Amino acid sequence: MDTLYNIGLSFRLAFRNIISSGLRTWLTITTLSLAFVMILFFNSMYTGWEYQGIRDQVNWEFAQGQVIHPDYDKLDPFTIESGHGKYEKDAHLTPVLIRQANIYPDGRMVPILLKGIPADQQIVELPTQLLKESKANIPALIGLGMAQDNNLKVGDTILMRWKDKNGTFDAQNITIAGIFETNVPTIDAGQIWIDLNRMNQLTGLQQEATYLLADAEYNQTTNASWNYQDKEALLKEFYELIELKRGGSSFLYGILMLIALIAIFDSQVFSVFKRQKEIGTYIALGFTKKRVTFLFTLEGTMYAFIATVVGSIIAIPLLSWLHEVGIPMTSNVDQSRKMGITVGEYIYPLLTPELFSKTVFWVVILSAVISYLPVRKIAKMNTVDALKGKK
Amino acid sequence: MSTQKNETNENHIDMNTNNIIEIQNVTKRFPVGETEFTALSNINLKIEKGEFTGLIGPSGSGKTTLLNLIGALDIPSEGEILISGKNVAVKSDAKSALLRNEHIGFIFQSYNLLPVYSIFENVEFPLLLQKKSKAERKEAVMQALEWVGLSDIANKKPSQISGGQAQRVAIARSIVKKPDIVLADEPTANLDSTNAYKIMDILKKLNEELGITFMFSSHDSKVIEYLRRVITLEDGKVKNDETK
Numbered sequence: 027m028d029t030l031y032n033i034g035l036s037f038r039l040a041f042r043n044i045i046s047s048g049l050r051t052w053l054t055i056t057t058l059s060l061a062f063v064m065i066l067f068f069n070s071m072y073t074g075w076e077y078q079g080i081r082d083q084v085n086w087e088f089a090q091g092q093v094i095h096p097d098y099d100k101l102d103p104f105t106i107e108s109g110h111g112k113y114e115k116d117a118h119l120t121p122v123l124i125r126q127a128n129i130y131p132d133g134r135m136v137p138i139l140l141k142g143i144p145a146d147q148q149i150v151e152l153p154t155q156l157l158k159e160s161k162a163n164i165p166a167l168i169g170l171g172m173a174q175d176n177n178l179k180v181g182d183t184i185l186m187r188w189k190d191k192n193g194t195f196d197a198q199n200i201t202i203a204g205i206f207e208t209n210v211p212t213i214d215a216g217q218i219w220i221d222l223n224r225m226n227q228l229t230g231l232q233q234e235a236t237y238l239l240a241d242a243e244y245n246q247t248t249n250a251s252w253n254y255q256d257k258e259a260l261l262k263e264f265y266e267l268i269e270l271k272r273g274g275s276s277f278l279y280g281i282l283m284l285i286a287l288i289a290i291f292d293s294q295v296f297s298v299f300k301r302q303k304e305i306g307t308y309i310a311l312g313f314t315k316k317r318v319t320f321l322f323t324l325e326g327t328m329y330a331f332i333a334t335v336v337g338s339i340i341a342i343p344l345l346s347w348l349h350e351v352g353i354p355m356t357s358n359v360d361q362s363r364k365m366g367i368t369v370g371e372y373i374y375p376l377l378t379p380e381l382f383s384k385t386v387f388w389v390v391i392l393s394a395v396i397s398y399l400p401v402r403k404i405a406k407m408n409t410v411d412a413l414k415g416k417k
Numbered sequence: 041m042s043t044q045k046n047e048t049n050e051n052h053i054d055m056n057t058n059n060i061i062e063i064q065n066v067t068k069r070f071p072v073g074e075t076e077f078t079a080l081s082n083i084n085l086k087i088e089k090g091e092f093t094g095l096i097g098p099s100g101s102g103k104t105t106l107l108n109l110i111g112a113l114d115i116p117s118e119g120e121i122l123i124s125g126k127n128v129a130v131k132s133d134a135k136s137a138l139l140r141n142e143h144i145g146f147i148f149q150s151y152n153l154l155p156v157y158s159i160f161e162n163v164e165f166p167l168l169l170q171k172k173s174k175a176e177r178k179e180a181v182m183q184a185l186e187w188v189g190l191s192d193i194a195n196k197k198p199s200q201i202s203g204g205q206a207q208r209v210a211i212a213r214s215i216v217k218k219p220d221i222v223l224a225d226e227p228t229a230n231l232d233s234t235n236a237y238k239i240m241d242i243l244k245k246l247n248e249e250l251g252i253t254f255m256f257s258s259h260d261s262k263v264i265e266y267l268r269r270v271i272t273l274e275d276g277k278v279k280n281d282e283t284k
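Sequence lines, in order, name chains A and B. Residues 27 to 417 in my numbering are what the first sequence lists, from first letter to last. Residues 41 to 284 in my numbering are what the second sequence lists, from first letter to last.
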């Protein structure tokens, strides 16, 4: 109870002292709360992007996991030729077959990836029912990016050339049955999707697949010789990209945070220098030096407390609003998608309780450490000199 | 008075002994560059309960140094300072802080009021550390302010009052916890004659009516007029010890 009383008293005294410091206090709090808002803004933007990216990639590309042919490496295009094989049927797996092919839009030869997926699949959001509904000989789906790059629209026919299982080239016209819009460029750029049955016929690769999309109930009992990767493993590169971006932006708010911490440090140095008589008086009235040190550290830390309150008043409504309306990414989205980065036209910042509490924790802890450093000298201060206000 | 204080408390001052302060062979040296300056040399003194004593002497004679040692604000280089038989110099920081809070009041030459607090809060401050209830604190503060005739300015800030009033607030703060000893370092040095006499009148009255032991350091003749015992220091030594 004594400790609680003492801490409570120190809190009251520290609060009174910093509120009475006037403009200097508010300048420090303003800088710190600005840094706090920036940290929350950038981090919630990346968290929002991360959530959107995970959702889109799971819904459009990865499903709940993939069972990948052991010879196939998605980072090595040379493995496409041999990286496929027969698979065991499983109600929880959806096969996808990949082959290299070329199309000839406007007389140019464009290398593409031809991907076969069952037209009746529902595991990913590709609108494959359009393949079923089409009366064309070889109906195909392409993404909006692919359509724009090659000037293609729904109903267009275009010559496609591919190699069958014996390595013999074959060519036929395909018809664009649908154009889908997705934030996941890795299923769009340079890719044409057709029905797997049709692709089996065209290539002669019956009941073969490059990888199998798994739903949540797949238990890894079938196709055990293939490599199973769950969605977390598949998203690893995306997580790394987000962390890289997050690290890059942390430089900006790191500078802001540094300025705020320097302001606290400066206030503390100034306090110890200017308030020596007050320090001596506290000791004469019965404070221990440790307690005066605690009081002064608390004053510095209280800047952070108040700044997080002020910052929260600004950041929480702002980020909630931005979560509703989104931040347009139009200037970067095309370039990012061309680089294979999953990004929506709008990013919806997401301020999670974890992100908020973590940020508050670190801002307060850093402020406490910075506040303590200059006031350590109180412990070594000569009380008599302090009482006289000797510098 | 403080007779109600807990008997088991290590900081308890034994009020049965008549000598409230005993200074035994105290020497205090300060480092000056690579040499040392001896501020006090082999001082031996005994101060009885209820005394109204002053340390007088020219600047540099060691008055304030001795007062600081008695107040456990500093420690002697040699010798012992006993407050009712207990050596204050060897106490830990926490114990000497408790001793100062419960048994010793301080009055400083430059008042040393805390600028951000009101007069009431300044006087209340030592009681906050004693964990008294709000009602107890209010009663004690108002009583102390009445003793010094300042109950009407309790809500003002130190910056809004005169030097004489500030010193009276400092007196109220020193006696609010009803200490056994009040150490007053040059309490009238920053005051005009009228205020100096007013202050000394108040202190005399507190000594007589509350039985608080007062110990001054001063070279002000107005203070000396009031003292019942005058200890003259010169070059860090007791030159004369006279009881009127």
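Because the hints were derived from the structure by calculation, they are not lab data. These numbers come from a predicted model, not from an experiment. Ideal placement from N, C-alpha and C gives every residue a C-beta, glycine not left out. One should not assume that every hint holds.
[To be verified] In silico SDA-like links for lysine to any residue, alpha-carbon gap of 25 Å or less:
#1 K112/A / F195/A
#2 K245/B / D232/B
#3 K300/A / K245/B
#4 K315/A / D232/B
#5 K303/A / K245/B
[As the list claims (entries may be wrong)] To be clear about the criterion: a stretch of chain B counts as covered by chain A if any three or more of its residues have a C-beta under 8 Å from a C-beta of chain A, and this derived list gives those stretches:
#6 75-81
#7 140-149
#8 165-171
A quick look at each hint next to the structure:
Proposed proximity of K112/A and F195/A is supported: the alpha carbons are some 22 Å apart, at most 25 Å. Taking the CA atoms of K245/B and D232/B, the gap is near 20 Å; set against the 25 Å cutoff, the hint holds. Simply put, K300/A and K245/B have alpha-carbon atoms about 36 Å apart, too far for the 25 Å limit, and the pair is violated. Of the supplied pair hints, the one linking K315/A and D232/B is violated, its CA atoms being roughly 35 Å apart against a limit of 25 Å.
Distance restraint check for K303/A and K245/B: the Cα-Cα separation of roughly 29 Å exceeds the 25 Å cut-off, and the hinted pair is therefore not satisfied. Interface restraint, the stretch 75-81 of chain B with chain A: violated (0 residues with C-beta to C-beta distance below 8 Å; minimum three). Coverage of the stretch 140-149 of chain B by chain A holds. Counting CB-CB distances below 8 Å, 5 residues qualify, and the rule asks for three or more. A stretch counts as covered by a chain when three or more of its residues have a beta carbon under 8 Å from one of that chain; for the stretch 165-171 of chain B and chain A the count is 5, and the coverage holds.
In the structure shown, a violation is registered for the earlier hints numbered 3, 4, 5, 6, in ascending order.
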